[in-house]
Structures are given as C-alpha cells and as structure tokens.
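Keeping their order, the protein sequence lines are chains E and D. Following my numbering, the numbering of the first sequence begins with 1 at its first residue and continues without gaps. Following my numbering, the numbering of the second sequence begins with 1 at its first residue and continues without gaps.
Please keep in mind that the hints were generated in silico from the structure rather than gathered at the bench. Check before you lean on any hint, since a few could be wrong.
Same chains, same label: a pair holds when it works inside one copy or across any pair of copies.
Said to hold, decoys possible - Okay, derived cross-link-like pairs now, DSSO-like style, lysine-lysine, Cα gap no bigger than 30 angstroms in a straight line:
1) Lys200 to Lys143
2) Lys17 to Lys304
3) Lys17 to Lys305
4) Lys143 to Lys115
Everything numeric in this text was worked out from a predicted model, so none of it was measured.
There are 2 protein chains.
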Amino acid sequence: MLSHGSGGRQAHDLIEKIFTLSFGMTTPHTDSAILDVSSSVMAFTTDSYVIDPLFFPGGDIGKMSVCGTVNDLAVSGAEPKYIAASFIIEEGFPVDELGKIAESMAAEAAWADVKIVTGDTKVVEKGKCDRLFVTTAGTGFIKPEFRHISTGRMIMPGDKIIINGPLGNHSIAILGARKSLNFKSPVISDCASLNHLIGKVMSSSADVHFMRDITRGGLAAVLNEILSFVRTGIVIDEETIPVDEPVRGICEILGFDPLFLANEGKVLIVAGEKDCREILEILKSDPLGRDSSVIGEFVEGVGKKAILKTVTGGRRIIDMPSGLMLPRIC
Amino acid sequence: MLSHGSGGRQAHDLIEKIFTLSFGMTTPHTDSAILDVSSSVMAFTTDSYVIDPLFFPGGDIGKMSVCGTVNDLAVSGAEPKYIAASFIIEEGFPVDELGKIAESMAAEAAWADVKIVTGDTKVVEKGKCDRLFVTTAGTGFIKPEFRHISTGRMIMPGDKIIINGPLGNHSIAILGARKSLNFKSPVISDCASLNHLIGKVMSSSADVHFMRDITRGGLAAVLNEILSFVRTGIVIDEETIPVDEPVRGICEILGFDPLFLANEGKVLIVAGEKDCREILEILKSDPLGRDSSVIGEFVEGVGKKAILKTVTGGRRIIDMPSGLMLPRIC
Chain E
1 MLSHGSGGRQ AHDLIEKIFT LSFGMTTPHT DSAILDVSSS VMAFTTDSYV IDPLFFPGGD
61 IGKMSVCGTV NDLAVSGAEP KYIAASFIIE EGFPVDELGK IAESMAAEAA WADVKIVTGD
121 TKVVEKGKCD RLFVTTAGTG FIKPEFRHIS TGRMIMPGDK IIINGPLGNH SIAILGARKS
181 LNFKSPVISD CASLNHLIGK VMSSSADVHF MRDITRGGLA AVLNEILSFV RTGIVIDEET
241 IPVDEPVRGI CEILGFDPLF LANEGKVLIV AGEKDCREIL EILKSDPLGR DSSVIGEFVE
301 GVGKKAILKT VTGGRRIIDM PSGLMLPRIC
Chain D
1 MLSHGSGGRQ AHDLIEKIFT LSFGMTTPHT DSAILDVSSS VMAFTTDSYV IDPLFFPGGD
61 IGKMSVCGTV NDLAVSGAEP KYIAASFIIE EGFPVDELGK IAESMAAEAA WADVKIVTGD
121 TKVVEKGKCD RLFVTTAGTG FIKPEFRHIS TGRMIMPGDK IIINGPLGNH SIAILGARKS
181 LNFKSPVISD CASLNHLIGK VMSSSADVHF MRDITRGGLA AVLNEILSFV RTGIVIDEET
241 IPVDEPVRGI CEILGFDPLF LANEGKVLIV AGEKDCREIL EILKSDPLGR DSSVIGEFVE
301 GVGKKAILKT VTGGRRIIDM PSGLMLPRIC
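Modelling step: build the complete structure from the supplied sequences, incorporating the hints.
Here you go:
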C-alpha cells in the first residue's frame, strides 16, 4: 500500500519484516551505514534494475541487483564489500514476492561475501511504476597496485582477450520468460557474482591488463568502449566465441547476434600472451569459467576498429550497438 | 526513447551529453568510480526519489536527490564526499528537462562540495514509470570520534533537542505545486544541503550527542525512532516549535499537523544543556539555521513516550505517523 512508503509505522513494519531480517542488519537503523574502511582506494558503483519479468530462469531482480553491483566492483579490481539497496515499489505489489526477492538478494550477498548495509523504500501509486524497480550501489576496496585495471591504460598490442564462457544466455532466458513472446526456451540466465572467480585470477601471478563485465549491449559494446581509450584495433575470431547451442538456434530464428546480447555473469579479461594460459587455467577450474576461451587480440595496423573474422572466412566490423535491442533486459 | 537505455550508441550519447558534462566526470567511464579514501570509517547511504511533481518551488528532483543524500551522510557525522546517481526514465521524457535536472544536481553538488562520480540510466516503456525516478547513493568519511553520533548511545536525561528552523514547508510547497489541488501557496520547499551548517557545529567545541535529519514522517517519526533506542521519554514544548505563518494557516484549513509533515532541510540535534547555547548561536548565524530553536528535552519518569506540551496547556502523546499521509513527497 502507499502507506508503506510513508515513513510512518507501516513503512517501519515493512522494513523490519522484509529487509532487516533478510539482510541481517543491526538496529538501530540510521539512514547511513557506518563502515570500516580497509584500503585507501575505493570503488563505488550504482545500477538500477528494471528487468521484466521480475522472476526468470536462473534468477530474479534481487539476485541480479546484487550480482550486477558485485561484478561492477570486481572488474574494477576491487574486493566488493558493502551494498546499498533502494526499492521503488508499485502500490499493490505482493509482500510475499518482495520477501522472496529480499531473500534472494540476501542469499546472493552471502554467496558473494558482501553485506547489504543500508537501503530505502518508496511506494508509488498503482500504474506509476511497473511492479518493482531496484537500485543497488556498492563499495569495495582496491589494492593500490590494481588501481588502474579498469582504465585500459595497461593494454598493449599483442594482448589477448579472454571471456569466461558462452554469450547471450541472459538475453535469451529473459525473452523466453516474457509471456508476450510465443516461445519457451530451455536457456537459463548466466546471472552470477564473479568476484570469487576474478579474485582467484587477481591473486595469481598472472598480470591482468584490463577487465570489464559484459552486460547490456553485449560484447560488441564492451569492445567499442575499449576502442575509445586504446590506440590499437581488435581482431576477434568468431570460431572461438562460445555460444550455447539453444542460444545459437534461437538467435538464428529471431535474427539476433550473440555478440550484441546482454549477459549477467560474463567478464572480459585482457592479458599478455604469456599470462593468458595461466588465467585460462584458473578460469576453467571454476564452474563459472568452465567454458572460458581466448577470443581475440589487440592488433596494430588495422585501425581503431573491432574486426570479426567470421567462421566462413570473411571479415566484418563489430559496430557499437545502435537503436532498440531488447528493452528492460536488466 | 527506449533505445537510450539500451547500452548502445544512443545510451552513450545520452550519458555524454547530459550527465558527463554536468557532473564534470572524466573519461574513460567505467561502471565503478575509483576514489581515494581519507579516513578509516565510512558512511554509506542511499535513497530513491519519486517526488511528484519533478519541479517545485524551491527545488526539483535533482537538487533534492543530492541534498537528501548529503544530509543523510552529514547527520551520521560524516563529511559527504562522493555521490552515485541512477536514473529510471520513462520513454518520451523530454531530454531538456533531464538536462535541467542534471544541471540542478551539478549545482547542488558544487554548493555542497561533493562529487557525482558514477551513475546509471535505464529507460522503461511509456506508462511503466511516472516520468523520472532518481536514486542517489553517497559515501563520506567520519572522524573516529564521531563514529557513534548516529546511534543515539550518547543521549542522556536532561539533553536538549534543537531544530534548525520551521517545519512543514517542503510538504506544503509540494502540495501547492500539485496541479490536482486547488490552492496556490506562497510556501517554498526548505530543500537544502545541511553539511556545511552541520560541519560548523561539529568543528566547534560543543559536544553533539545525536543528529538526525527530519524528512518523511516529520518530527513525529524522528522522535519515535529515537524512543526506540533511548531509555528516557521526550517532552516537546509546542510553543517553541517554529512553523511559518502560511504553513500554519494551510495546515489548519486542511487538517494537517506540522509535526507530521516532511522537510528536506531540517536537522534535529541533541546536546547537553551547557553546549546547547553555543550550538544555537552557530546555527542562528547561518542562513540555513536562522530560525533555530530548542524545542524540548529528554526527561526521565514519564515513560518511553514523546509528549507534546500544547500551547493551550494540555499534554498529548506524539505517536508514530501511521497510514497514508502525503504520497510521493520525496
């Protein structure tokens, strides 16, 4: 009800019953969490989640909102630590669904070893938002030697590009879960917190030059973002890009390109050739990186372009995604 | 358009044109901001803003989203430092209004001396959200000696309660700005960043025992929250509560109680009697505290209640607000 967003008794009850318990927060609640800081460099990120539907094969908006923020921090070289969670709730949204989503956030936070420490709830009138939007913010701490890992400054010609598994599963799972679409797919979202996987790579002797999670806009968007701050080109070998068979099939039917599809548990790692093997081994030994693959490299003399060597032997430019792809995929 | 939320070219253009410029962010953009940390204790907060209308006398959703987060940090004893801003935008929302809101955020951030360092944008289909929702998160750093200021542990019987000015202006300004309501009011929202004002008090020799901003739920909600973690009662003297004349008049006509109305630039400060005068002097010397007043005290032997001594000589309990007050006031 709207009164649950009023700041009065009902708002307090909602927070106590749904969020405080799930997230293991201590009382008294103040609007800011007071937290210990373990490093002199901090990563800070936020994302809003407007995914439709709220529940999908492999996750829900709650799990996703934790994974997304954890991954944004992890690829910046940080150890994710604290999460803030803010809820915009449509009047009439069932409290038991909200409870399920909070539990799912709590479970993912426990798995990822982060704490949900502060939050907010707002309730808007029926019809003024679509059921539930969740915004998470996260902070984590960075060892000073990893400070520049998200800037791309350390990328060099000859560096290899590694991804930790097949592309497109999240997008196709969401499409399949939308009741308006007339197909049922066996595909499950790859929604996962990657911080432990990334932590293993970071604490190895291998030297990581760059990391980025591959989300909205897909691999194509990440490659083009990288091109905006490096001086070389990128050549990707289509044959080496892992795509699961059902995803490939549905893409062919619907005319989608897996390179442009969103993921929620994929990371792109850049490293020199000699460190590449060690990283690949670490990734492959983890369930979240079992199908890792070296998919391309940074190449001089081809211009500042991302070029795809296709399976049929052709070459085409991977452009920045443009126009409407799949709305509300995250 | 929906494509502005796609993670592709249009999304990048929107971010570059509207947010990056306004907020003075540096490229390349990564999903996490990498930040220096100046203290070993951090405050971390988040709030979603769903206010209707977006623009109102004295502010807009952008200014408000910065003030609210700055104030949450400041009352926890922190120096607010970094802001994350996440936007959920309805398809068709005018880009120039978004620009105005971003400029307003940037101006308020500059005034409050905080940096907007990271963000996110999502676009949902027409009818799936009400124009624009903004979620801000903030981090700031706390001198170790102020670590417990938001817990209420330092509150003692005899301590005085100070507020920095008249109550209810924000609520009445919003009501007046809603076109559906048939009255026009001269009242302007008190929406303001209080960190500089609070900073002056904190750096004085006066000993602050507790602080809290007075927002949704009004003074009544704050007093009842305090009662949940102290052992004494609270006695408030109605005569000493500043309420502006037009606010009082509109409250009488509409049957509102100023103690239950939302504010966006009000802080409640608790201190011992001897420090109270110094704090009041500091507050009154600042435009944001000109009408500061000592409104009550912590009293033993009256039970764990908040009691209002009314102007007519009666006594009534100030209960926790319950049920629907004004929806979407922040």
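Identical-chain pair category, Lys143 with Lys115, by Cα at 30 angstroms
both (20 angstroms within a copy, 22 angstroms between copies)
Alpha-carbon proximity context of Lys17 and Lys304, limit 30 angstroms:
Between copies only: 23 angstroms across chains, 54 angstroms inside a chain, cut-off 30 angstroms.
At most 30 angstroms between CA atoms: does that hold for Lys200 and Lys143 within a copy, between copies, both, or neither?
Within. Shortest intra-copy distance 14 angstroms satisfies the 30 angstroms Cα cut-off; inter-copy 34 angstroms does not.
Given identical chains, is Lys17 near Lys305, meaning Cα to Cα at most 30 angstroms, within a copy, between copies, both, or neither?
between (53 angstroms within a copy, 23 angstroms between copies)
Hint compliance for this structure: no hint is broken.
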